[in-house]
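Asker: Sequence:
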Amino acid sequence: MNPSLRQDIVTRLISDFEAIERGPYLQRVRCPECGKREAYINADAPWMLKCGRENNCGAQLHVKALFPDLFRSWSERYSPKAGEQPASATPVADGYLRDGRGFELSRIQGWYTQESYWKPEIGGTATVRFALPGGTYWERLLDNPERFGKQKANFVGRYKGQWWCPPALTLSDLVAAGEVWIVEGIFDAIALYHHGIAAVSAMSCGNYPDAALKAMADAAHHAGTSRPALVWALDNNRAGHNATLKHVKRARAAGWECHASQIPHGGHDWNDAHQRGELTETDRETYRYHGDLLLAPTAMAKALLMYKRREQREFWFEFKRQVWWWKLDMDAFDRALRADGADGHDQEQLDPAMRDAALEQAGSVKRICTCYPTALYYQANAVTDESWYYYRVEFPDGRPPIKNTFSGGQLASASEYKKRLLGVAPGAVWTGTSQQLDQLLQDQIGNIKTVETIDFIGYSKDHGAYVFGDLAVAGGRVVPINSEDFFELGPRRQLKTLSQSVALHINPDRKAFSTDWIPQLLGAFGPRGVVALGYWMGSLLAEQIRAEMGSFPFLEIVGEAGAGKSTLIEFLWKLCGRRDYEGFDPSKATMPARSRNFAQVSNLPVVLIESDREQEGGAKQKQFDWDELKTAFNGRSIRARGVKNSGNDTYEPPFRGSIVISQNAPVQAGEAIQTRICHLHFSREGQNKDTKAMAEALEKAELEHVSQFALEVAQREAALLALITQRARRYANQLGDDPDIKVLRIAKCHGQLMALVECLGPEGLGLFDEQTITVAMGHIQQMARERQQSINADHPLVAEFWEAVDYIEGLRDEPMLNHYGKGSDLIAINLKDFERTCAEYKLRTPEMRELKRYLKSSKTRKFVDSNRTVNSRVRLHGGSVKCWVFQQ
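The sequence shown begins at 74 in my numbering and counts up by one.
Because the hints were derived from the structure by calculation, they are not lab data. Hints are not guaranteed to be accurate.
What the hints assert, rightly or not - For lysine to aspartate or glutamate, the following EDC-like pairs were computed, each having C-alpha atoms within a straight-line distance of at most 16 angstroms:
1. K381 - D365
2. K925 - E873
3. K955 - E908
4. K123 - E351
5. K400 - E433
6. K905 - E920
7. K192 - D582
8. K400 - E384
9. K955 - D906
10. K400 - D429
11. K137 - D216
12. K569 - D543
13. K661 - E683
14. K895 - E882
15. K815 - E744
16. K393 - D470
17. K319 - D365
18. K569 - D535
19. K137 - D89
20. K439 - E387
21. K491 - D511
22. K584 - E194
23. K569 - D511
24. K319 - E330
25. K703 - E725
26. K522 - D558
27. K439 - E391
28. K319 - D283
29. K109 - D89
Could you build the full structure based on these sequences and the hints that come with them?
Answerer: Written as structure tokens, this is what we have:
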């Protein structure tokens, strides 16, 4: 074992799983499966981690599954250092085959060469190459193969009809072996060769090696011996099963004796079994048994095989994607044996043929389900106290499987199970009894795995991972969703989202990413477009930024109709994989709908649109209360709701995203909200044919060519976050020193926005040049100054109130509204008098409920008191009046 690899593995076991070195073993290792500190591993050759809880866990994990990052770049670890003499001509290939595949190099010396492979725009990698018949070859990519997408190997030439045979074995050796195992991969064949099995590689499950079989048949004929038996040992998946049945049928028609061998519970291949020490005689007998089950021609034949191994009188089994039930009538079995003159009490002494005949007469098989439902895992929503079993339903006619959930109640009885099955799987009928269902469930869900769930889309802080529809990003690594609809983020880190409301479609193909939109965005919207993009990029890191800095600002995109606000926002959504969406109108939504919109995303924007509508005549409709958003600034809950139980529990989901407000008029709210908002104003000024063409190009941008932006940000999370936290504080301090900016929250929010924009430049994502970034940051500084000026001014409702007061008071020499009269330093106004007088002079009156909220923040006339009793000097006979009092 490579010393540096061993040291890295031991170090990770100690740091990640709390291992303790004791003699020849690392002990008290925290088991990745059960979480108990009872696992152990050999210290000198730390390959297999085993849990000591044999009855309760018994997990066995190869270190490649625990630390895949240590087994990605083989050239980096095994290439000779400068000036160092290589131990062989194939040092990297040697290291890969020995430490990555567990092979003894002395047994495979000369079978392979070390080569290289290059792909434009991706780069190169070392390869280990094996020659194939006819001058073709196959090579495995060694260095960070995930760079090449799904391509893990490279074929050159045609191999149809051929196989790869270990060079140490000749055709005569294969004939003399008595049986030849046919596997898919070259490494599988080498693994079996290490255990004395004559094995060849068909290179893929779909390749029937007819030419190679003919050559072996000719060799047997020339040697005057019978042909060896064929053992088809393809992968244990649907493609492998179908290919095995197809090839066995063809080979038997050609005169070959055929068997099969299968590793149960798909996921491991023969090389995995070799590395896990699972190719003993007992193991191989088990694999042959499962191969026989695959080749069973009828349901009865399969049931008999299973009965002979299990000796159960009743059990369920799967045959051709349907569920069957076996039952043995012991009385009928005894009668059949006595009819043949045998005693059924001592079955071990029975003639096997006689016993099989009696079993076939006494046993019965009955189909109890017209499909094959399999419980994959358990998932729960801790908040709502709901849980489900996630099922895959397969069909005998070859239709694609269907996956859906079954609740506990739907599994509790045969009738409920039948109804749910009919509802999710067309044509699937359960005809079994409740007792048969109970047995099926005991076998399928007795030790079922649990997958953790989230009820939103985006970033999960607890898991340190982004969930984007069919893709996840964890630790900078893109993880595709697996065949069971969850993400394997690592040992004991299985995750899926229950949310179906937000559909993100992100293309992981980096080669398809187009940067044509960058000059189009700049040309259509100028520095404002760059600022909006910077905020959108920061939204993908909102949770992490709040954790570091305590808050994340809101963005307000406002301006006159036709300024391009919707075009910009819809394009920015495309960068995150969301098509044909702008936002939602909070004024139209109910309170529960609003709270769900705020809670269903994380590290993504929540866009509030068109909440400033007016009725005919200019009267304002009831507006959304912007104060609801105060707590979202710090990531706290916007709304709490009761949990449906008999206790006092409430559910207050934290706000995990960012807030974008898009409307024609600026937000009218108090200072607390205004200081949280970065105001970005758009207008039609400067629009021309060129800007129109660029905006239309953004509208036509294809999701498949721009959605990689979100992946890029998620994968570079750590580097971008470090840059943001460092620069945001610096820029906040700079803005705080500006004499025109008095409120520190304004400086902090706009300082964060400047840092986000800088991440688009050469030091970050490299989308814009330094000059463009400098202009955009200068625009943000001006935004901060304008925000301070708007804070210094009265709220628009208050300003409208004082305009009306000044107008009315100027109509006469004597005061009409100020109950303190002339010469006083205070102003006392009764709001009912104000309303009546405005009506008399046909002045528009601000909505009183809204006005009262903001009058206390009056700045031009400082607020003193509300509801103060004043002796009126305006009314004819004086008297006491309740007034709002302000300084002159």
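Asker: Against the structure, test the hints numbered earlier, and report the numbers of the ones violated in rising order.
Answerer: Number 23 - this is the single hint that the structure violates.
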